[in-house]
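Visitor: Chains as they are written, first to last, in full-length UniProt numbering: chain A, 1 to 232; chain B, 1 to 232; chain C, 1 to 232; chain D, 1 to 232; chain E, 1 to 232; chain F, 1 to 232; chain G, 1 to 232; chain H, 1 to 232.
Incorrect hints may have been included.
Claimed, not checked - No farther apart than 20 Å at their CA atoms in a straight line, the calculated lysine to any residue pairs in the SDA-like style are these:
1. K137/G to V123/G
2. K137/F to G183/H
3. K137/F to E10/H
4. K137/G to E121/G
5. K137/G to E10/H
6. K137/A to H132/D
To be verified - Covered by chain G, according to a simulated footprint, are these stretches of chain F (three or more residues, beta-carbon under 8 Å):
7. 82-90
8. 127-138
9. 161-169
10. 175-182
Note that these hints are calculated values from the structure, not bench results. For glycine and all other residues, C-beta sits at the position ideal for the given N, C-alpha and C.
Spelled out, the chains give:
8 protein chains.
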Amino acid sequence: MSDPLAGVAELDLDRQERRGYAEAVYCAGKTPEQVGAIARVVAGRPDVKTLFTRAGEDHAAAVLEALPDASWDPVARIVAWPAAEPEGTGGLVLVLAAGTSDLPVAREAYLTARHLGRPAELVVDVGVAGLHRILGKLDLLRSARAIVVAAGMDGALPSVVAGLVRAPVVAVPTSVGYGAAFGGVAALLTMLNACAPGVSVVNIDNGYGAGHLAAQIAEPTPAAAPQQGTGA
Amino acid sequence: MSDPLAGVAELDLDRQERRGYAEAVYCAGKTPEQVGAIARVVAGRPDVKTLFTRAGEDHAAAVLEALPDASWDPVARIVAWPAAEPEGTGGLVLVLAAGTSDLPVAREAYLTARHLGRPAELVVDVGVAGLHRILGKLDLLRSARAIVVAAGMDGALPSVVAGLVRAPVVAVPTSVGYGAAFGGVAALLTMLNACAPGVSVVNIDNGYGAGHLAAQIAEPTPAAAPQQGTGA
Amino acid sequence: MSDPLAGVAELDLDRQERRGYAEAVYCAGKTPEQVGAIARVVAGRPDVKTLFTRAGEDHAAAVLEALPDASWDPVARIVAWPAAEPEGTGGLVLVLAAGTSDLPVAREAYLTARHLGRPAELVVDVGVAGLHRILGKLDLLRSARAIVVAAGMDGALPSVVAGLVRAPVVAVPTSVGYGAAFGGVAALLTMLNACAPGVSVVNIDNGYGAGHLAAQIAEPTPAAAPQQGTGA
Amino acid sequence: MSDPLAGVAELDLDRQERRGYAEAVYCAGKTPEQVGAIARVVAGRPDVKTLFTRAGEDHAAAVLEALPDASWDPVARIVAWPAAEPEGTGGLVLVLAAGTSDLPVAREAYLTARHLGRPAELVVDVGVAGLHRILGKLDLLRSARAIVVAAGMDGALPSVVAGLVRAPVVAVPTSVGYGAAFGGVAALLTMLNACAPGVSVVNIDNGYGAGHLAAQIAEPTPAAAPQQGTGA
Amino acid sequence: MSDPLAGVAELDLDRQERRGYAEAVYCAGKTPEQVGAIARVVAGRPDVKTLFTRAGEDHAAAVLEALPDASWDPVARIVAWPAAEPEGTGGLVLVLAAGTSDLPVAREAYLTARHLGRPAELVVDVGVAGLHRILGKLDLLRSARAIVVAAGMDGALPSVVAGLVRAPVVAVPTSVGYGAAFGGVAALLTMLNACAPGVSVVNIDNGYGAGHLAAQIAEPTPAAAPQQGTGA
Amino acid sequence: MSDPLAGVAELDLDRQERRGYAEAVYCAGKTPEQVGAIARVVAGRPDVKTLFTRAGEDHAAAVLEALPDASWDPVARIVAWPAAEPEGTGGLVLVLAAGTSDLPVAREAYLTARHLGRPAELVVDVGVAGLHRILGKLDLLRSARAIVVAAGMDGALPSVVAGLVRAPVVAVPTSVGYGAAFGGVAALLTMLNACAPGVSVVNIDNGYGAGHLAAQIAEPTPAAAPQQGTGA
Amino acid sequence: MSDPLAGVAELDLDRQERRGYAEAVYCAGKTPEQVGAIARVVAGRPDVKTLFTRAGEDHAAAVLEALPDASWDPVARIVAWPAAEPEGTGGLVLVLAAGTSDLPVAREAYLTARHLGRPAELVVDVGVAGLHRILGKLDLLRSARAIVVAAGMDGALPSVVAGLVRAPVVAVPTSVGYGAAFGGVAALLTMLNACAPGVSVVNIDNGYGAGHLAAQIAEPTPAAAPQQGTGA
Amino acid sequence: MSDPLAGVAELDLDRQERRGYAEAVYCAGKTPEQVGAIARVVAGRPDVKTLFTRAGEDHAAAVLEALPDASWDPVARIVAWPAAEPEGTGGLVLVLAAGTSDLPVAREAYLTARHLGRPAELVVDVGVAGLHRILGKLDLLRSARAIVVAAGMDGALPSVVAGLVRAPVVAVPTSVGYGAAFGGVAALLTMLNACAPGVSVVNIDNGYGAGHLAAQIAEPTPAAAPQQGTGA
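Please work from the sequences and hints to get the whole structure.
Guide: As structure tokens, then:
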């Protein structure tokens, strides 16, 4: 039988087995038709959790036609299939958004972590211009196994958070800001130069990557047990 | 009695208690005299593990005069005090260097992880130009709880590694390369754009930060138990 | 008789004789009217194969009105006249696309190579995040005389491919990606810094240039025989 | 009589009258011989306070030969003549250095403010990685009329300080840091994007400019009284 | 009662008390719905002056629905509530626009200074290409306590102005220009490198920040009197 | 027996078999001791042609101690072992240097091509400021199967050459120039944007890469015959 | 009587007297209303030649309503008033466009030179990819007193032209190109690094500036006769 | 007889005839030996005025050994042969240096113009921070046929000068400054964006190019008389 995705895509459906995490389909660079074709292939593999990321309204419609019981979050731009989040296991993933405008990215990280099986919480508008807001949440901060911090403009929040906690901080710069924010470059550089150790950085606006990484960090049991692998 | 560091530095000796990890003194921007003065203060707190990073020969001499039983690694440019590495607990931290020239940065990460209390291993010269080298180490890769990948030039190794394992990858770009490597910027951008999820990035040549983060990720027990904090 | 393109363009219709390859008209910076005027001139020279590149729908319509039997490929944005591809001679040109989103650029390279007279094949979605995909095609890779690799985001595929084969690799970065991909700059830098020798790079999204170069590399007979030239 | 600086410099000795502040001679781009010649001219105008900035050892020696009673501060690289600081009038200028490595720039700002006639204080090593350090100085912060904040690396301190006080913050990025600090560019961008209003920025490592501006802000009486000017 | 802004924003309504200045809501990154929700909360605090900045027509409509007696300035894109400007106290804030195209930014600075309680004046089209225009206003320039200079293109005006006056100059680069103006970067760099001391810079197009800072500089009485603070 | 390079390097001695070309050791990032250790291992494999590139005087001395019959070219900074160039087969590789200052890079390309088995010629100082120089060599240009063009400053020569010939042009930007040459970036961009098709680019100053690629392009027989491979 | 442009613009109507050239109104950053208001003021000064540059359709309509006998060139985006070009005096201004896409910028330069009173010619599509096109026009090139060269992509044409002639070359980079052309930056850098002396550069796409400068260079008589000036 | 420069350089000794100006040898990228060899060839052509630019002490010694009666200016780093400046003809070339640190570049321009046969004057330290300095020289400014302006830091002087005169301004940015001056990039951008028409720009620190261009602009008679050319 011919491959319905020939010349378009080659899904990595073994990723869950090989890497232990859901397959993801990045929609932004694809046409709704291409995304729909992929969704129809995915429909045959209900054992493989799939996240469609950066899904605009057209992408979402194409996926939902093929997978009617999937769930779409328009703020985070994620379509998840199956829709249900697994029971959260492992440590807490805490997602912070410095400002309201960082919400879409933060929510993408939050939903990703939950769909990958972690308990997660989301806190918004705790930027450093009003320090009392973040200082008032110290107990929550210190209960997390991994913290995602989404911030644009000066991107200063991860430095401050990392200085207060023991857990690793995954910083995700957002393109929020103007002028010399350069679409997130200013925040990116701030985060790469965080004066507190314990901060690492993902790409600008990459909420999915941040949530994925946090989920890996907060895994319930050490990953040290050797996996059985048969090659690449 | 007057503060011997007045007008020069204010050590954060409570960091071990607050954050759970050793204090670090970044030497590169300081004179040997300033570093020596800090070392003399540190001498009074043998309970606080201290790492002097980016320590050149002059810095090391100044520290060793104040702390004769510290250990200096000239490749990693780290002076550790006390010299002994703690018994490794938690998951394995695996450090990969794409090429021989990446060794100083990789070794800085490796020693940091060990001094922060993790079991760690270091593997050198497994760049993607000869894939058989990394593919021949799949079992080791898959036994790690956190993987640090140091690479310069094209910085392509983290993408390849992340596609093969379940553990988080901490990518550290190195300034190795010339021309359009732009002192590590090319590798940095490659890593920020890694096509496999599970990669986060620290600053160029920041082996210390990478090792610190990997040690946090590979902590023996979830950090989720609330810590007692008395403020910031 | 007056020049119908006076003050607009001066076609290089001797290029096929001087350089041995088809004339190309880059449409992106021209109005449909200008492109149509050029097509009408081209119509008088059926001996000169002409490719209209970066042809949007309006450009294509203007060309097809003047050259009704030309062929338009909307994905590759190429209008070819005459429509027929010559019989392929010389070595195989293999075009790889790292992801589905790189398809337009890869297809532009593929069609260019075919219209310039080479046998060519196109393989999609073989990025390094799932190495088994490219490793499963080693025989095909090693049968090519020239390999075009189109990749965005981390741009890591050319390094990996060049390490596996004997043939030259023409790397074409694509503007696929977001944030610190900087519209293809990240992939461009990765490729310029490829740690495996045998990689050269063309401009971002320049599928035409990549296909043209690959066709030159894979020429059926060495170009060493001196050509008769009468000047520049 | 011929001009001893002909073809070399044209001093702006009326600046004190026109602008109300001392003349400054930027030494970095000049030879010691040129600086010495300028100092000999200055010697004839004891009524004009002159600061020689960015004065290395050779520059300082050349100035001190002509002006033996000037004072040189090797950390701040300032030679002041006359040596005495005027009595401080106006509001307090507070200078903060995020880390020890920022001290030269901070001290340049501090001495400039004092020589321009303001009361000033200097506080070192209060970076955001240990928030308790800056929070412990709230009363001092809130007693200042102008605050200079010197910081390298992530440059996050001005955002935090501005959120806590009523006074304007003059942020001066330093070239402290490595890799993606890009010689102070990261800190510069952070500061330009400070999420708290009330922050403005001067050039990287420009302690003199920061101190000068702070002195202007903290002037004892409003400058609104029209000055008598005779032209540009 | 539930928080109407839960998961969206956390207003900093104590800012006026803590910092002495109005609260500001940056609209550009928010939906009209979010801005409207914030306005409804603000409606309960008539004691807190609030400025909605970067308010497009949709944002303004949403605010005006909740706060019908607010005032909207479409050029400056500011909605102020309460609408009335306080009586101006303190020194004069003078706002200069180098060209007509810099007017929106300059007006944003001007209105901000007035709403924060300063007397202010706005002068347009005094760029350095015709020096007689700025030289003809020397008396006005010298009567100001703080001067905001908005300029795009070469951004040369702040250097010239600072050389003529005693007051601090707050330079705000605008994105006016084309080609190598790079959206305001050229002007930004010019201003950071102003050869006259007394110039500091805010972000590109940040008229609000410039006006806020100028208002702080021109405060009626020195801020040196210690404020009563209860923490961060 | 223990690996003499353990923890330092892992040579890719199968590269000649796998890729058909000599092994290369990039010296610039290595200590002379490391390079010497590698040379001692290489000494046991006289069947493997090895090039030590970017070899300064110290590197060369270390290699020559282990491989006394190797040859060192101080201009090209290449140590070749065995010293003899193979008999040239395949098409002509022509290397052009725009100016005298581009000679080291051009010579590195020239020697690389010869050591990899191609006939090669080197022509110096044929930049576009005096077009008659390049136009006087049209016959030579048109007899080449691959042309390497090394140029700094404006990097305009590859565009001109490619417009005159049928063979592929490998452009190598050099760091020659000052000011806005930005260490070769200007030439790099010029070459990436060459208005004539048939130009591809390698990294700044990468003469080795350019010569390697040209040797691959000018291979004596099409590489299309399937190679026997045993894996990656 | 009130100033109809109060708070909007301050025309420099003395520029013709002071500098000897027409007034220009840059429309791009202004609203059609603002441009119309300026045109109504201009209408009162028929002695002052005025060029409205970067005039889109809306701007042109607004100007033509106030100045019905002005002339609009939609390709060059110039509205000239009075419409008539003066009799050409002085040396020939020759404007070259490397490609068809550079025509708008080249034509803006050409019309500017003519309206400023020079004889001028425009030649299109003489890029270096086909050298015979420019070499065929040597006599014309050598008859010019000033040559404007507009080129995008690699921007190589000015280097080639300057090597052939005695006259100064004014190079104007255009934003034509894609990918690593970076909106004209590549061409700009090429031109700044031209290996032939005699090239200077204006801003990207600044045809007006190039034409203005060329007109100044080609003035009929040396400008050395001292002008009567009454100040700035 | 063999070519003494074979493989090193190919002098363009016909440039004086073809272009009308002296040959120049750029020394910076060449060894003293190479420069000396060139000087020995030049010695045979006393009819060709030759300038050795960017000549350090070693370069100068090598040239003077071959051409003992040449003249070396260590500030401008120019060796001229023959030493005598021709009688100045044509219009006045005026060279302005904004500050003392710009002197080497300004002097390189000044000497170049004189050796190319123009009357020239040099004025130093007339930056815009003290406008009275440049305004005091209006008569001199307005007597020039071409004005070179060398400036670093903010690079604002050319904008101001161009607004005051009728003659073309050749702006040459210098690498003077620190921090965000970026080695002259800030000044370069300022100059490219000059708000007054009549400014064009050469490369950073390119005093030779600026002086050459100014000499071309100020030629004694229009160059419009057709030259006899025999080809490229």
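Visitor: Next step is simple, just say for each hint if it's right about the structure.
Guide: Hint check:
no.: 1; hint: K137/G to V123/G; in the structure: holds (9 Å)
no.: 2; hint: K137/F to G183/H; in the structure: violated (39 Å)
no.: 3; hint: K137/F to E10/H; in the structure: holds (13 Å)
no.: 4; hint: K137/G to E121/G; in the structure: holds (12 Å)
no.: 5; hint: K137/G to E10/H; in the structure: violated (26 Å)
no.: 6; hint: K137/A to H132/D; in the structure: holds (16 Å)
no.: 7; hint: 82-90; in the structure: violated (count 0)
no.: 8; hint: 127-138; in the structure: holds (count 6)
no.: 9; hint: 161-169; in the structure: holds (count 3)
no.: 10; hint: 175-182; in the structure: holds (count 5)
In summary, the numbered hints that this structure violates are 2, 5, 7.
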